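Just so you know, we're using my numbering here: the sequence shown kicks off at 40 and counts up by one.
It is worth saying that the hints were derived from the structure and are not from the lab.
There may be inaccurate statements among the hints.
To be verified - Label-pair distances were calculated between CB atoms; the ranges are: (1) D327 to E129: 46 to 54 Å; (2) G192 to G328: 42 to 50 Å; (3) G328 to E280: 13 to 21 Å.
Computed from a predicted structure; not experimentally measured.
The C-beta atom is built at its ideal place from N, Cα and C for all residues, glycine as well.
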Amino acid sequence: MRRTLRAAIVIGGVLVVLVGAFYVFRAPLLLKAIELAGAPPLTELEAVALGEKEVWADDFYTVERLDADTFAISEPRYFRDVYSYLIVGEREALLIDSGSPLRDISSIVAQLTDRPVSVIATHLHFDHVGNHTRFEKVLMPDVAGLRGRTRDGKFVPEDLEHLGRVEGYAIPGWDVGGWWTVGAELDLGGRSLTLLATPGHTPDSISIWDRSRNRLFMGDYAGDGEIYAFLPNSSLGAYLETTERLLSDLPPETLLFAAHGGADTKAAPSVGMQNLADLRDGLRAMRDGRLTGTGFWPRAYPINRNTDVLADWTGPGGSSWDFE
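Make the full structure from the sequences, and use the hints.
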């Protein structure tokens, strides 16, 4: 009887240690699992269904013209279906996110404009800075203490900011061509863009507001599909604060453009302000314990018919309502 009891205690203790270890190291364990699994192969060209206004620029990138001088550049054969946006003014142009490192997006940009092009990332994940080094002028947002981390004018993301190792990509570094402060306007010549701080997905996340055309280019902040709020440095608290501020500051007719499509995406992924209102309401319900998640980890919380927030567990060490 005593031996059985001792064995049960030992087994129980081992299980507690294993569960505790998984809880503490769940994020790096997930990243390692993704790294070991590897990225899926590219979708065959013939299997990609293009949208009505979308055309192939080469055998990897497509281009959709949103208006005469605004372009969505997509990577539909890559399973992450990354979208970058080229905004062209009379004097210069801005590329919002330089995409994944799989191919050279600068050659596509050169097909679309002959004006000098600057690039800025909505955040530092590898599928948003993959071609930064191919552009002469890289702008950086003056947020989250990034400016103080430059060395001799060069910026290098940290491992958990970049996350490129999950697909075998080394961390790049680039010369900073200028710092863009929150709320400041960038004049492209006849067209001005405003930088907004939109933390939540990451502390350094930003969005670019094209006020004159009622568009917000928001990277991975929100959109249809899954919102990643469980990654290292994610914060549901920051997501809620940002969402409430955007709903207060942006005109109700603003269209929000995201940086990822999906299997059914037939146009540049965009949602209206109602989607932000749904996100705000859902985040408040999550915070107050009124919305139940499903799944083990990350937990999926339904926001509306098309959108789920994927979140970390609550409790010590969770990224639920504060940045680590």
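Honestly, do G328 and E280 meet the 13 to 21 Å range at C-beta? Once the Cβ atoms are compared, 19 Å apart, the range 13 to 21 Å for E280 and G328 holds.
Within 42 to 50 Å or not, the Cβ separation of G192 and G328? holds (48 Å)
Quick one: are D327 and E129 within 46 to 54 Å, going by C-beta? holds (49 Å)
Hint compliance for this structure: no hint is broken.
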